[in-house]
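Colleague: Here the structure of chain G is known, so what remains is to put chain H in place on it, guided by the hints.
Note that the protein sequences, when read in sequence, are chains G and H.
Under my numbering, the first residue of the first sequence is numbered 1, with each subsequent residue one higher.
Under my numbering, the first residue of the second sequence is numbered 120, with each subsequent residue one higher.
Be aware that a few hints might be false.
[Unchecked claim] Label-pair restraints from in silico Cβ distances:
#, chain 1, residue 1, chain 2, residue 2, range
1, G, Ser-59, H, Thr-163, 45 to 51 Å
2, H, Ser-161, G, Glu-107, 25 to 31 Å
3, G, Glu-107, H, Arg-222, 42 to 48 Å
[Said to hold, decoys possible] Part of the chain G face toward chain H, derived, beta carbon under 8 Å:
#, residue
4, Cys-47
5, Arg-48
6, Gly-78
7, Pro-79
8, Leu-94
9, Leu-109
[What the hints assert, rightly or not] Partial list, derived from the structure: chain G residues whose beta carbon lies under 7 Å from chain H:
#, residue
10, Leu-17
11, Gly-30
12, Glu-77
13, Leu-101
No lab work stands behind these hints: they were computed from the structure.
C-beta: ideal position from N, C-alpha, C; glycine also.
Number of protein chains: 2
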Amino acid sequence: MPASRTDHHPHTCDRQLTRAFGFLGKRWNGVLIGALSGGPASFTELCRGVPGISESVLSDRLSELAAAGLVHREVVEGPPVGVHYQLTLAGLALIPVLQDLARWAHENLPEPQPVAAAR
Amino acid sequence: MPASRTDHHPHTCDRQLTRAFGFLGKRWNGVLIGALSGGPASFTELCRGVPGISESVLSDRLSELAAAGLVHREVVEGPPVGVHYQLTLAGLALIPVLQDLARWAHENLPEPQPVAAAR
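Only chain G is shown next, with the shape it has when bound in the complex:
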């Protein structure tokens, strides 16, 4: 059903949207931020918690998220010594937006349908 015209002025946020999707649309970045929303995690925990990601890609993405100021890398002196990753306040600020986006997808984005057999 079409919606009626609204009073939004879309073009003011286009550049920010393009930047956000350029960053978050890169595979794993959004999912990794989601995975860290539960609290600090080690490299191994993240590798296990995000099925399909390889160790080298996980390492690259964590460096990229840290460089963007969204993830903080912390050395735990132990013993045993270890490294924990956790969201910064900037990363944490994204969580409610990601939750709204996930809810929108659940309610509005059609699930891919299996191909029906020809009759």
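Modeller: The following block gives chain H in isolation, referenced to the frame of chain G:
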């Protein structure tokens, strides 16, 4: 600055997030939805309003957005005859999420820095 541990349970929304980014992260889809948030637009208006998109890619993306139920294609009988595109209710429901995402990017995602000259 690292943020403290929260009580979120992230993995429940991972699959929806992956789907949302798979769809919206595809170049132009999010930006086109943003461009249509101001109300119905013709093909030509969209082509002019989204710098850098080609006519063939715009045509593909509008078909994809229509197939996903986010955009409605309406023939205006005129004269002159024309075609307008507008967001459906499902597409319109995404607008506040996109606005939050743009605001988050503005406040938290570092702008790309020009490469500094070597000293």
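Colleague: Can you give the numbers of the hints that this structure goes against, from lowest to highest?
Modeller: 3, 4, 5, 6, 7 and 12
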